[in-house]
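*Asks:* Okay, here's what each chain looks like letter by letter:
Number of protein chains: 2
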Amino acid sequence: MIKVEIITIGDELLIGQVIDTNSAWMAGELNKIGFDVQYKTTVGDNEQDILDAFEKAFSRASVVLVTGGIGPTKDDITKHTLCKFFNTRLIFDEKTLETVMEVISGYKKALNELTRNQAYVPENCTVIQNKMGTAPITWFEKNGKILVSMPGVPYEMKWAMNQEIIPRLQAFFPISDSIQHQSFWVKNYPESLLAIYLEMFENELPEHIKLAYLPTSGLIRLRLTGKGADKENLCQQMAEQRKKLLALLKDDIVSEDDNVLENILDKLLKDKGLTLSVAESCTGGKLASLFTAIPGCSQYFLGGVVSYSNEAKQNILGVNASDIEKQGAVSQAVVEQMALGARKIFNSNCSIATSGVAGPDGGTPEKPVGTVWIAVSFKDRLLSRKFLFSKNRESNILRACNTGMMLLLEMVHSK
Amino acid sequence: MIKVEIITIGDELLIGQVIDTNSAWMAGELNKIGFDVQYKTTVGDNEQDILDAFEKAFSRASVVLVTGGIGPTKDDITKHTLCKFFNTRLIFDEKTLETVMEVISGYKKALNELTRNQAYVPENCTVIQNKMGTAPITWFEKNGKILVSMPGVPYEMKWAMNQEIIPRLQAFFPISDSIQHQSFWVKNYPESLLAIYLEMFENELPEHIKLAYLPTSGLIRLRLTGKGADKENLCQQMAEQRKKLLALLKDDIVSEDDNVLENILDKLLKDKGLTLSVAESCTGGKLASLFTAIPGCSQYFLGGVVSYSNEAKQNILGVNASDIEKQGAVSQAVVEQMALGARKIFNSNCSIATSGVAGPDGGTPEKPVGTVWIAVSFKDRLLSRKFLFSKNRESNILRACNTGMMLLLEMVHSK
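Keeping their order, the protein sequence lines are chains A and B. Heads up, the first sequence is in this note's numbering, so the first residue is 1 and it goes up one at a time. Heads up, the second sequence is in this note's numbering, so the first residue is 1001 and it goes up one at a time.
It should be emphasised that the hints constitute simulated quantities derived from the structure, not laboratory data. Since the structure is predicted, the reported quantities are computational estimates derived from the model, not experimental observations. Yeah, the Cβ is synthetic: ideal placement off N, Cα and C, and Gly gets one too. Treat the hints with caution; some may be incorrect.
[Said to hold, decoys possible] Below, computed lysine-lysine pairings styled on BS3-like, alpha-carbon distance capped at 27 Å:
(1) Lys-1074/B / Lys-227/A
(2) Lys-3/A / Lys-74/A
(3) Lys-1079/B / Lys-3/A
(4) Lys-187/A / Lys-210/A
(5) Lys-1386/B / Lys-391/A
(6) Lys-386/A / Lys-1131/B
(7) Lys-1210/B / Lys-74/A
(8) Lys-1056/B / Lys-142/A
(9) Lys-56/A / Lys-145/A
(10) Lys-1056/B / Lys-1158/B
(11) Lys-1367/B / Lys-158/A
(12) Lys-1056/B / Lys-145/A
(13) Lys-391/A / Lys-1227/B
(14) Lys-386/A / Lys-187/A
(15) Lys-84/A / Lys-1003/B
(16) Lys-1131/B / Lys-1145/B
(17) Lys-1391/B / Lys-267/A
(18) Lys-1074/B / Lys-250/A
(19) Lys-1267/B / Lys-1056/B
(20) Lys-145/A / Lys-158/A
[Unchecked claim] For the chain B half of the interface with chain A, some residues (derived, Cβ under 10 Å), not all of them:
(21) Gly-1044
(22) Leu-1051
(23) Asp-1052
(24) Thr-1134
(25) Tyr-1213
(26) Leu-1214
(27) Gly-1273
(28) Ser-1277
(29) Gly-1284
(30) Lys-1286
(31) Lys-1313
(32) Glu-1394
Whenever a hint applies, use it, and build me the whole structure from the sequences.
*Replies:* Take a look at the structure:
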């Protein structure tokens, strides 16, 4: 198993102004090719701290991936620190300047002294041209180990990893262990009850296969992870364990897809040539945004209404005013009319509707914070259910989104 | 300055299945009370790796905050590892069992063997009762240093930090340095040009005040950070530097609020008693979801339409079909009609509308990927502008949201 460490650099990560989404994405991609992330470290733009992190990581891992701190501004010192760590100096690189010029011409920004300085690169490294930004990617080899410095801007980092770094890592470490994941989306269980139910199964797992619980908002995602040098053998063992789990959990498994629910639905709706619309009250646009984050979603996603006010529910979605008055906006009658209203105005085959008390305020004894009505509709079917989620707004929004997607997934599957 | 390290524990963080949002939030809160996060480390559910991380962090920092790995399931081993590290053992704690019973009775889940085991706690620590979940919070003191273990579930962690840990840390380290931040939202500059323009300002800054560039999607966020023992003196010096920056950047400063743009608008619209609606094509619900994530937004946010299909633009928002046909959905005429349409159907004072080519596909020579039209409207005013953002879908969506919010912010401010 090739051991990898990720180092993210930047004061903004240590004072809480920026959330590091890079390292999770990187870890996921590395796992797919059988590389194992063992530590992630975040340090500020401070030379000594960066050097310490380099030293520690390089002593433990075979691959050290570094993001951030290579922008054109003065607070970015990663490049100089790399020179110090690898005992080298910066030299001017014409090829890098050409790439920088190409990148900024695409954005019609003028070349200036600072962007020109981006073409200075450490002497004893392989420079990988960054087609997405002005900061060059640098690849160092020492004692059979690799350190790569890349930009912290997420889409630049993703491009660099996919196009350049991962293929090069695979070429550099041709034999590596296999890692296999198998996910299960499970409904109807609180985490601790599921764990008791699966205790014996877990105890009987072979040493190199692990079971993990990933409580996602509204559902539990189980994951079997197997590691081993013999890929075929591992495949077979994973298949055996999967069979056992399927027999234990039966219909409570909503999906075995390793993707998040929006991606599972994305594929399903595309495959079946169906169309979707949403009507959102408590989820407030989050549900639509999950689908529209996926490239190509316009093939099936026709649109949505965020009907936050009662007037919007009536005027746009055609919800009956007297039902709102009598039963309240958070009610079965209203959420069902929202789902049907969305179907009608967007002319879609499927719809999801949400109406609930997201919190932290707005709860009543009858409808406490966390009460959410969800309706899904597909062809001639309409289903609505009431849930009591948590006291936390963020969690309630996510759970309502996931639960709505799960209900639609089951409805479309069952047809 | 009290040095803090954050350790997040969990395999799910190392295989990319979960993004760590906790540590950024914790860092922000710690900064406010003058504590300085120097390192963040993420390790998997592996005893030796956790012990190594404890050792390293405890040797460098005065405070080590640990999240995760204390759930009821077998993969969670933090509690046992803490016992090993502090050379102690688990004992049964009646008070903790009481809390666990209270917590699960609130959620109507049955007490079972696994949740009962949560009441076993390390012997030589202070147990802090967790009112939000079943995993107790444990506080260790050794050689004048502190280690606290808390849940990784975001809302449990936030409750623990705000209610218990931060007050106790302040009591334990009564004298600590002051940290002050001052943010500036700057428009009209690419990062490198702004850096050249501010180079002299930056060079003249006193040693203990730093300038950082936080390129947010669509705008640049500058941040001055000052640290010092003498709070009053620091205040004065920060005010001086702020004055200098205001003189240099003048009208290009959109806001000095340290919040993200949706929170700035949230406050402004509430203060002025205005109402908002949105009409989203390329941002696909993201803009609505930014507002609806904020508790109490229903005071001004009336709703939105995600008009992904042309039919939705026409039928719901009243966009002229011939304008879509002649000029395309990504055009000035269409985005302006979307903004006015949203105003009309939601009966709001303000609106934001977006229509663009988010990518990665769908670009043409005239309208390449990244082309986004944005319109904002407020009272009798309507403004629309065309932007060329990036080639990346995620970035285009965020930049369109931020730019739309910035344009509305300026329009409402200028009234």
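*Asks:* Run through the hints listed earlier and report the numbers of any the structure violates, in increasing order.
*Replies:* 2, 5, 13, 19, 22, 27
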